[in-house]
Each structure stands twice: as structure tokens, then as C-alpha cells.
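There are 2 protein chains.
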Amino acid sequence: MSVQKVYATYNQIHKLCQESAPQILEEFKPNLMIAIGGGGYVPARILRSFLKRPGSPNIPIQAIGLSLYENLGTADDPVETPGTKVTRTQWLDMSSLEMANLIGKNILIVDEVDDTRTTLEYAVKELQKDVEIAQQRLGRTGEKTNFGIFVLHNKDKTKKGALPEDMLNENRYVAARTVPDVWICYPWEATDIDEHDRLAHEAENGGSSVQLQ
Amino acid sequence: MSVQKVYATYNQIHKLCQESAPQILEEFKPNLMIAIGGGGYVPARILRSFLKRPGSPNIPIQAIGLSLYENLGTADDPVETPGTKVTRTQWLDMSSLEMANLIGKNILIVDEVDDTRTTLEYAVKELQKDVEIAQQRLGRTGEKTNFGIFVLHNKDKTKKGALPEDMLNENRYVAARTVPDVWICYPWEATDIDEHDRLAHEAENGGSSVQLQ
Numbered sequence: 221m222s223v224q225k226v227y228a229t230y231n232q233i234h235k236l237c238q239e240s241a242p243q244i245l246e247e248f249k250p251n252l253m254i255a256i257g258g259g260g261y262v263p264a265r266i267l268r269s270f271l272k273r274p275g276s277p278n279i280p281i282q283a284i285g286l287s288l289y290e291n292l293g294t295a296d297d298p299v300e301t302p303g304t305k306v307t308r309t310q311w312l313d314m315s316s317l318e319m320a321n322l323i324g325k326n327i328l329i330v331d332e333v334d335d336t337r338t339t340l341e342y343a344v345k346e347l348q349k350d351v352e353i354a355q356q357r358l359g360r361t362g363e364k365t366n367f368g369i370f371v372l373h374n375k376d377k378t379k380k381g382a383l384p385e386d387m388l389n390e391n392r393y394v395a396a397r398t399v400p401d402v403w404i405c406y407p408w409e410a411t412d413i414d415e416h417d418r419l420a421h422e423a424e425n426g427g428s429s430v431q432l433q
Numbered sequence: 221m222s223v224q225k226v227y228a229t230y231n232q233i234h235k236l237c238q239e240s241a242p243q244i245l246e247e248f249k250p251n252l253m254i255a256i257g258g259g260g261y262v263p264a265r266i267l268r269s270f271l272k273r274p275g276s277p278n279i280p281i282q283a284i285g286l287s288l289y290e291n292l293g294t295a296d297d298p299v300e301t302p303g304t305k306v307t308r309t310q311w312l313d314m315s316s317l318e319m320a321n322l323i324g325k326n327i328l329i330v331d332e333v334d335d336t337r338t339t340l341e342y343a344v345k346e347l348q349k350d351v352e353i354a355q356q357r358l359g360r361t362g363e364k365t366n367f368g369i370f371v372l373h374n375k376d377k378t379k380k381g382a383l384p385e386d387m388l389n390e391n392r393y394v395a396a397r398t399v400p401d402v403w404i405c406y407p408w409e410a411t412d413i414d415e416h417d418r419l420a421h422e423a424e425n426g427g428s429s430v431q432l433q
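As they're listed, the protein sequences go chains A and B.
Counting with our numbering, you get residues 221 to 433 for the letters of the first sequence.
Counting with our numbering, you get residues 221 to 433 for the letters of the second sequence.
If you are wondering where the hints come from, they were derived from the structure by calculation, not from laboratory data.
Be aware that one or more of the hints could be misleading.
Heads up, the list lumps identical chains together, so a pair's fine if it works in one copy or across two of them.
Calculated lysine-lysine pairs in the DSS-like style (CA-CA distance at most 25 Å, straight line) [said to hold, decoys possible]:
(1) K225 with K377
(2) K235 with K225
(3) K305 with K272
(4) K380 with K364
(5) K225 with K272
(6) K379 with K325
Could you build the full structure based on these sequences and the hints that come with them?
Structure, rendered in C-alpha cells:
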């Protein structure tokens, strides 16, 4: 079975961020973004431009690095469990102001795609846990810290990871588009960006069954 | 005096990263990138695609946050010193593996523009200092850690900041383009990306005196 490839151009992604910003500002009012690297870097940077309000400073972006470890099995343990273990390649500095700055804030976690939801579950749970530790250590347990999520694309499929019920109920989860379980080709991965754009516009004009933008 | 505005499209920036990658791989062979946020996020993510070699894992990206503090003077001290003080909004976690991971590596610092060079000087000096501290603490002073820089655009102007002589002499500083002291409009700051692209292509076709791509 071959998976359908769908192409998103930079400008389409720019417009997805632009289009989502008013809803994020209205429903969540983030004070801070946490970009999950590397996929979250580009949408977070674009989104920041559209979340800026005249007279207010830019919303700060902190970055964390997470990658889904693909356990392909060994000779002793040949069971493949693809993409179930998350490893940290960068985290926030618990000992510094970085963690204290999160307390009592509305924190928007940004990634490019919600695929199995494993990475997002990990990010939310671990950040929540670390903020709680910081709140207790600093005697600031009375302050409420809220997490939200923004992704460009949510794949409509059975998820392995779960997100907090209240986040979903309170519209703190925003996906610019919900798409079938296709292979999304992001422009920053393109080795030939002109050909990438041609394929994206061909699908757009040819009435592809899947529209990303 | 009005400063000339010059527009860069996403695809032009994508191609600048693509074009610079072979030189970076040949001259510097980075093991790790450090993106200076928010401007460095997009070029770092694109560059990573072109630095990947078949059979090797992706080069990890760590992010730091730096912003030039604009001291506009006060009633007591009305002297304006624009953009001379760098403040950290995110840094690497000195207490964890993040800093140890830098030791003995070729580390490529990535930002979008080299304007006054103040931010880049700060990043290099502070990272060098912290790596030295980590090397001494871990008894790994014999290992040589090298820093390099990649920016999309270097503005040809008098710089306030300085970079290490050996970095410049050993071609560990790479700017995809050196441009006059113009106002560069990056696509991720555009509120109307179609108009932004139109202005970029108008300059390209109209033979503007400044070419960014």
C-alpha cells in the first residue's frame, strides 16, 4: 500500500498561521510559545508575527527538542515498536528563570503535525510536571498555568497519545487543518523547492482529494 | 533619510540555505547547530535538510534566545545606545548534558542576519566561555571545540561586534549573501505574503540595485 504524498508550500503554511492567530488570541491569549524542534520552529516563528499586538512586545519563544525514537528491534528483542519512545534533545533549564517564567502563564506548545500524538502527550505531561515542581519549590502553587497546542496539521487517525480533556474542551487545542492520514511533505524538507511547489499547485488545481491549505 | 526596503521570499531563503550547505559541509563539517531565536529558527531548520548526509542522522539543533535590548534613555540618563545590550531569553542548560554535548564538537551558530554583529559576538563569546567551564568541570580540557557561523545576509557596514580572527581566517563564517545596509524584509514577518512576494519579484525583474537572492 502506498501512502499518498501531499505537498504544502511555505506560503500556504504562512497563511495557515495567519488564519489561526485570531482564534488563538481570542480563545487562549498565550503569553509564551514553546516550539518543539525541529518541526515546530518554522510555524512558531511565523505565528509569532501574527500574535503580536500593536504596542505589546513579541511573545517569547522557547524551544525544546523532542524526537520519536524508532525502536526497530534487536536480535534479542526483534519486536518493532515504531515511534513510541520520546527522547529529549533539548529541554528548558530547570535551574534558571526559564521554568519560573512559565508559572501562571498561558503556554502555547507549537509543532508542525499531530500524527500519533505521542510527542505532544509527552511535551504536555512533562512540562506540566516540571512547572508543578517549580511552583512548589517557589511557593507559587496558587497560580494556574495553562497549556495549549497549535499544529499546522492534525492527522485524522487513531492516536497513541492522549491530551488533557480540559485542553480539548476549552478549545486550547488548535489545528489549522485536519487531514486524512497522508504523508505531508513540508517545504523545509524539499530538496527541489520549485518542483515541490509545482506538485503542491498541481494538486490544488487538479482537485486532489486532499487539500492541505 | 529613508532606508531602502528589500524583500526576500521563503523560496529564495530556502535556496540560499541549499546553496551554502556544500561549503559548510566541506569547510566546517558541523556536528550541531545552535539557532539564535527567533530569526535563526527558519534558516536553521531549512539548513538541516541540506546538511543531512545519506545514512547519517540529522544534525541536532539547539536553540538559544537572544534579543538586542534597545536602551532608549531615561529622564536621568537620556543617552540613547540603541541595540548594544544583549539579553538572554533562553540559554543552554549548563547543569545537564546539553553543555557537555558541545565539547569537542564543530558547532554552527545560525541567525538570519549579521547586522551590527553585536548579537553574534555575544553568542560566540558566551558559548565559548560556558563550554570552557564545562570542559574544566568534566576534565575534558584537551578537546577542541570549534564555533562557526551561518547567516543568510551579512550587511556590509561598520560592525560594533567582533568575531574571533581564527573563525574568519578558517572560513568558519559563512554568509549566503553580503548586502548593502538595507532594510531586509523576511517573509515570516509579512502580514501579506502575496504582496511581499510581489514586491520581491518586482525588484528581481525590475533590476533593483540590491539583490538578496
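Okay, the hints, checked on the actual structure:
| no. | hint | result |
| --- | --- | --- |
| 1 | K225 with K377 | within (16 Å within a copy, 45 Å between copies) |
| 2 | K235 with K225 | both (21 Å within a copy, 22 Å between copies) |
| 3 | K305 with K272 | between (35 Å within a copy, 23 Å between copies) |
| 4 | K380 with K364 | neither (28 Å within a copy, 43 Å between copies) |
| 5 | K225 with K272 | between (34 Å within a copy, 21 Å between copies) |
| 6 | K379 with K325 | neither (28 Å within a copy, 38 Å between copies) |
The structure shown violates the earlier hints numbered 4, 6.
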